[in-house]
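Generate coordinates for the entire structure from the input sequences, incorporating the hints supplied.
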Amino acid sequence: MRLGIYGGTFNPPHIGHVRAASAAIGQLELDVLLVIPAGMPPHKEMPRGSPNTDDRMELTRLSFAGLGNTTVTDLELKKEGVSYTAETVEEIRAGYPGFDIFLIMGSDMFLTLETWRSIRSLLRHVTPAVLSRNDG
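Taking the numbering used here, the leading residue of the sequence shown gets 1, the next gets one more, and so forth.
It should be emphasised that the hints constitute simulated quantities derived from the structure, not laboratory data.
Everything numeric in this text was worked out from a predicted model, so none of it was measured.
Think of the CB as a built atom: it goes at the ideal place given N, C-alpha and C, for glycine as much as any other residue.
Fair warning: there could be bad hints in the mix.
Estimated spans, in silico, between C-beta atoms of each pair [said to hold, decoys possible]:
hint	residue 1	residue 2	range
1	His43	Gly66	17 to 23 Å
2	Arg120	Gly68	32 to 38 Å
3	Thr115	Lys79	16 to 22 Å
4	Asn69	Glu45	29 to 35 Å
Dumping the calculated SDA-like pairs for lysine to any residue here, alpha-carbon to alpha-carbon at most 20 Å [claimed, not checked]:
hint	residue 1	residue 2
5	Lys44	Leu111
6	Lys44	Arg117
7	Lys44	Thr9
8	Lys78	Glu58
9	Lys44	Ser83
10	Lys78	Gly8
11	Lys79	Asn52
12	Lys79	Arg61
13	Lys78	Thr9
14	Lys44	Val82
15	Lys44	Phe110
16	Lys79	Asp55
17	Lys78	Pro42
18	Lys78	Met40
19	Lys79	Ile92
20	Lys79	Met46
21	Lys44	Lys79
22	Lys79	Gly66
23	Lys78	Met46
24	Lys79	Leu122
25	Lys79	Leu28
26	Lys79	Pro41
27	Lys44	Leu75
28	Lys44	Ala94
29	Lys44	Leu77
30	Lys79	Ala65
31	Lys78	His43
32	Lys44	Tyr84
33	Lys44	Asp108
34	Lys44	Leu113
35	Lys78	Pro12
36	Lys44	Glu80
Right, here's the structure in full:
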């Protein structure tokens, strides 16, 4: 079985996020996609005036509602402090034993991988799936 993890601030979630998720499901032939809004990401600060975590969760859930095989989870929103991907992946692996796990990210995040906490350990357990960002 194949599992995709698509994390981000989703502040706010938008059609580009949904299209990226849909493309990942198709191209990676995912059986399950977990969409994970970040609580406190280590790589960026949440701008002043951002929606609170409950509102971001609900907006993300509504945005991805029509996408099959997709679950929006508050796994990181429930954590206190910074949300590190390596820790999140460990929790997910426990719930999905035997799954091939793909970590879906934009090219901007891929270029920062060397700065991520526990990156060597993380890359032993996931395959990065890098999406091109079209911001313009």
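Is the straight-line distance between the alpha-carbon of Lys44 and that of Leu111 20 Å or less?
holds, 14 Å
Restraint status (C-alpha distance of Lys44 to Phe110 at most 20 Å):
holds, 15 Å
Is the gap between the beta carbons of Arg120 and Gly68 within 32 to 38 Å?
For Arg120 and Gly68 the Cβ distance comes to about 34 Å; the hint holds.
20 Å limit on alpha-carbon distance, applied to hinted pair Lys44 and Tyr84
Roughly 12 Å between the alpha carbons, so the hint for Lys44 and Tyr84 holds.
A range of 29 to 35 Å was offered for this pair. Does it hold for the Cβ distance of Asn69 and Glu45?
Given about 32 Å between the Cβ atoms, the range holds.
Checking one constraint from the list: CA of Lys78 to CA of Glu58, max 20 Å. Satisfied?
holds, 14 Å
When you check the alpha-carbon spacing of Lys78 and His43, does it fall within 20 Å?
With Cα atoms ~18 Å apart, Lys78 and His43 stay inside 20 Å; holds.
Holds or violated: Lys44 to Asp108, with C-alpha atoms at most 20 Å apart
Status holds; Cα separation ~12 Å.
Holds or violated: Lys79 with Pro41, Cα cutoff 20 Å?
holds, 11 Å
Is the straight-line distance between the alpha-carbon of Lys78 and that of Gly8 20 Å or less?
Holds, because 15 Å separates the two Cα atoms, which is no more than 20 Å.
Given the hinted pair Lys44 and Leu75, is their Cα-Cα distance within 20 Å?
The hint holds at about 19 Å.
Hinted pair Lys79 and Ile92, Cα distance within 20 Å:
Holds. Lys79 to Ile92 sits at ~14 Å (cutoff 20 Å).
Taken one by one, the earlier hints fail for this structure at numbers 1, 22, 25, 28 and 30, listed in ascending order.
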